[in-house]
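All chains should be modelled from the sequences, with the hints used to inform the complete structure.
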Amino acid sequence: MSAPIVETHSLAKTYGLAPVLREVQLRVLAGAGAFIVGGNGAGKSTLLRILAGLEAPSAGHALVFGQDTRRLAARYRRRIGLMAHQSFLYPNLTARENLEFFAELYSLADARASANQWLGRVGLAEVADTRVFAFSRGMEQRLSAARAMLAEPALLLLDEPFASLDHDGAEIVAALIRGAVERGASVLATAHAIPEIDGVEFAVFEISRGRLEQRAHTEEVRRGGRIRSLLGR
Amino acid sequence: MNNSAIRNWLGFSTLALMLAALFMVFDYVPPEAEQGIAQLIFYFHVPLAWVAFASFGLVAIAGIFYLWLGDRLWDDLGYAAAETGMVFCTLVIVTGSIWAKPIWGTWWTWDSRLTTTFILWLMYGGYLMLRASADDTPQTARFAAVLGVVAALDVPIVIASVRLWRTIHPAVLVTKQGGHGLEDPRMVATLLVSLAAFTALWAWLLWLRFKQLRTRSRMRALAVRIAFASAAASDGR
Amino acid sequence: MSGFAAVLRKDLRLELRSGESTLALLALSMLVLVVLVFALDAARVRSLDAAAGALWVAMVFAGMLGANRALLAERDNSAIRGLLLSPLDPATLFAAKLAAALIFMAVAEVGAVILMVLFFNLDFDASLARLAPILALGAIGFSALATLLSAITGRTRGGDMLLPILAVPIFVPALIAGVKASAAALAGAPLASMGDWLKIMIAFDVLFVTAGYLLFEHVVGEDG
Numbered sequence: 000m001s002a003p004i005v006e007t008h009s010l011a012k013t014y015g016l017a018p019v020l021r022e023v024q025l026r027v028l029a030g031a032g033a034f035i036v037g038g039n040g041a042g043k044s045t046l047l048r049i050l051a052g053l054e055a056p057s058a059g060h061a062l063v064f065g066q067d068t069r070r071l072a073a074r075y076r077r078r079i080g081l082m083a084h085q086s087f088l089y090p091n092l093t094a095r096e097n098l099e100f101f102a103e104l105y106s107l108a109d110a111r112a113s114a115n116q117w118l119g120r121v122g123l124a125e126v127a128d129t130r131v132f133a134f135s136r137g138m139e140q141r142l143s144a145a146r147a148m149l150a151e152p153a154l155l156l157l158d159e160p161f162a163s164l165d166h167d168g169a170e171i172v173a174a175l176i177r178g179a180v181e182r183g184a185s186v187l188a189t190a191h192a193i194p195e196i197d198g199v200e201f202a203v204f205e206i207s208r209g210r211l212e213q214r215a216h217t218e219e220v221r222r223g224g225r226i227r228s229l230l231g232r
Numbered sequence: 000m001n002n003s004a005i006r007n008w009l010g011f012s013t014l015a016l017m018l019a020a021l022f023m024v025f026d027y028v029p030p031e032a033e034q035g036i037a038q039l040i041f042y043f044h045v046p047l048a049w050v051a052f053a054s055f056g057l058v059a060i061a062g063i064f065y066l067w068l069g070d071r072l073w074d075d076l077g078y079a080a081a082e083t084g085m086v087f088c089t090l091v092i093v094t095g096s097i098w099a100k101p102i103w104g105t106w107w108t109w110d111s112r113l114t115t116t117f118i119l120w121l122m123y124g125g126y127l128m129l130r131a132s133a134d135d136t137p138q139t140a141r142f143a144a145v146l147g148v149v150a151a152l153d154v155p156i157v158i159a160s161v162r163l164w165r166t167i168h169p170a171v172l173v174t175k176q177g178g179h180g181l182e183d184p185r186m187v188a189t190l191l192v193s194l195a196a197f198t199a200l201w202a203w204l205l206w207l208r209f210k211q212l213r214t215r216s217r218m219r220a221l222a223v224r225i226a227f228a229s230a231a232a233s234d235g236r
Numbered sequence: 000m001s002g003f004a005a006v007l008r009k010d011l012r013l014e015l016r017s018g019e020s021t022l023a024l025l026a027l028s029m030l031v032l033v034v035l036v037f038a039l040d041a042a043r044v045r046s047l048d049a050a051a052g053a054l055w056v057a058m059v060f061a062g063m064l065g066a067n068r069a070l071l072a073e074r075d076n077s078a079i080r081g082l083l084l085s086p087l088d089p090a091t092l093f094a095a096k097l098a099a100a101l102i103f104m105a106v107a108e109v110g111a112v113i114l115m116v117l118f119f120n121l122d123f124d125a126s127l128a129r130l131a132p133i134l135a136l137g138a139i140g141f142s143a144l145a146t147l148l149s150a151i152t153g154r155t156r157g158g159d160m161l162l163p164i165l166a167v168p169i170f171v172p173a174l175i176a177g178v179k180a181s182a183a184a185l186a187g188a189p190l191a192s193m194g195d196w197l198k199i200m201i202a203f204d205v206l207f208v209t210a211g212y213l214l215f216e217h218v219v220g221e222d223g
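Protein chains in written order, with numbering that gives the first Met the number 0: chain B, 0 to 232; chain P, 0 to 236; chain A, 0 to 223.
There may be inaccurate statements among the hints.
[Claimed, not checked] Here are a few chain B residues that face chain P, going by a calculated C-beta distance under 8 Å:
hint	residue
1	Ala11
2	Leu16
3	Arg21
4	Ala192
5	Gly209
6	Arg210
[Claimed, not checked] Residues of chain P clear of chain A, computed beta-carbon distances all greater than 10 Å:
hint	residue
7	Arg6
8	Leu9
9	Met23
10	Asp26
11	Ala32
12	Trp73
13	Thr89
14	Trp106
15	Val148
16	Leu204
17	Ser229
18	Ala232
19	Ser233
Since the hints were made in silico from the structure, they are not lab data.
Every residue, glycine too, gets a C-beta built ideally from N, C-alpha and C.
Now the structure itself:
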């Protein structure tokens, strides 16, 4: 049995006096995929931010790659990709410049080549030299996906990756997710509802008022294993 | 020793030492030849200054422990030390002004020690303004800790630079630190007792404020637990 | 340290593209000097002390604006989170932001020196060469201090007003030393004679560059 790539123990978070996450117990194995479904304000984004090491939990702890997320060393941060509601992009830089910058931050061998490759993958090659402030929300979202994935992280944390995307955009992102899973990455994504992604099985969790519950049969998911998902397959 | 015992012990010590100090200042120590009776303020002014600086040091030390250990206790201690120290620092400036007027006829002089104390006062003010303008979160506590540490580390440089500044342009008025040729042993004794009295006063006020802040922190933690419990309770519905 | 170079290059590129920060800094320096010319009535009398003092006032104001700007770039789209998420060390981020703030401040200083010579009836002579290392030491210390503090004040309600309140008392020793050394330099004194002032400025710089480097991780997080 492989080690879990994400693990939380009684994870809790409050903002002021409002509990946002309560007693969250989560386990995701390496190479697995999981969707966390929940309404607005349920705590999905907070959970992902904690897993990415951006926020500290109020109680309990979260482990990623076996490391406490409050003290993630650089070599582990290198292997995490986060796509959030905010794009983390610089509006006054072009799409290409943004990706090249992040490629350099992640010490990729050929920043320019990586940037070009990913611009192509997200269908933004024609607007590569346009500044991001001119992008539509959907284009920015796609670029943000490229930013999150360009270092080929072992763990992808995606916060509502299909939000604000039209059909083509959603297909692109779905393809990227599929590609990531195929190369062995673990994917933990949140959504309001489960989208269909051909060829990938996901475990499904539901988060409501800060509590996380499994909806799928198996507790740990191995890629390709049989699970009962909300899609009713 | 439980909390109210500490509080009472500190309170009574302060009372006793203060009475002793007051007696010594007004009845025991011989007045200084040059400055007359106004010089007696020295026995308040100097201990107040030592305590004000020491309190700021405590703010910094508490800050370091908070950054290292993350326990809210150190943050509460630092905040209490800042508030208490601010009171004492203000008194140093006020007593300095009261002393300057009869001796030199001006309400303020830029001599090196007063100037340094004034800068300290501004640093205290900045720290307290930072606290006041931010919500009560661990992040604010970290900010305050960092500010306290860098400001305290800066103080020795301030002292050095102000001293150099004053020697290059010596004050027209002779420096008032004439008290540092304390010939009479009674003067030394009075100064030490006064120092002990003001340190006790500081410790007592610090303790009171610190316990208040601790209570507030504990209540907040309790409120959070209640919030979690009531959320759990309403899960069942 | 590819991260340092990447962040610095990005900040400079952003600044060259918009130019608004540098322009604002130069404008602010000039306006401060103008106010001081009238306030000190420097038009009639050639006063080196007044000139040195005015120069440092302009620098302090420009420095605060510059440091604020350096961190402002990360506010759009929560870009700071992208940086914190990455393998980039917070200490390296501090170094890059310090370098950017320093460059902004250097540009402002050059402009301020030129204006100082013009407004305060001085000459463009060798004394300016002696001024350069003094201004450099001041810029390093102030940029380090302001970069560290603006990470704090950027996220509190006091915001823009809080930065000078926190920075000025802490900067006093370097300010005193800087003004004194600058006035002496303008009067023709050799740098060797200002040893004590320079030592104070160096001590200040070492303290704040080190403190900023070590403590930046505590002030740059996004935690609630």
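Hint-by-hint comparison with the structure:
1. Ala11: 7 Å, holds
2. Leu16: With a closest approach of 5 Å, the B/Leu16 hint holds.
3. Arg21: It holds, given that the least Cβ distance between B/Arg21 and chain P is near 6 Å, below 8 Å.
4. Ala192: 23 Å, violated
5. Gly209: Nearest chain P Cβ about 7 Å off; hint holds.
6. Arg210: 7 Å, holds
7. Arg6: 33 Å, holds
8. Leu9: About 31 Å separates P/Leu9 from the closest Cβ of chain A, which puts it past 10 Å; holds.
9. Met23: 35 Å, holds
10. Asp26: 40 Å, holds
11. Ala32: Given that every Cβ of chain A is farther than 10 Å from that of P/Ala32, nearest at about 35 Å, it holds.
12. Trp73: 13 Å, holds
13. Thr89: 15 Å, holds
14. Trp106: 21 Å, holds
15. Val148: 7 Å, violated
16. Leu204: Holds, since 24 Å exceeds 10 Å.
17. Ser229: 21 Å, holds
18. Ala232: 25 Å, holds
19. Ser233: Fine: 23 Å to the nearest Cβ keeps P/Ser233 off the interface.
Of the numbered hints listed earlier, those contradicted by the structure are 4, 15.
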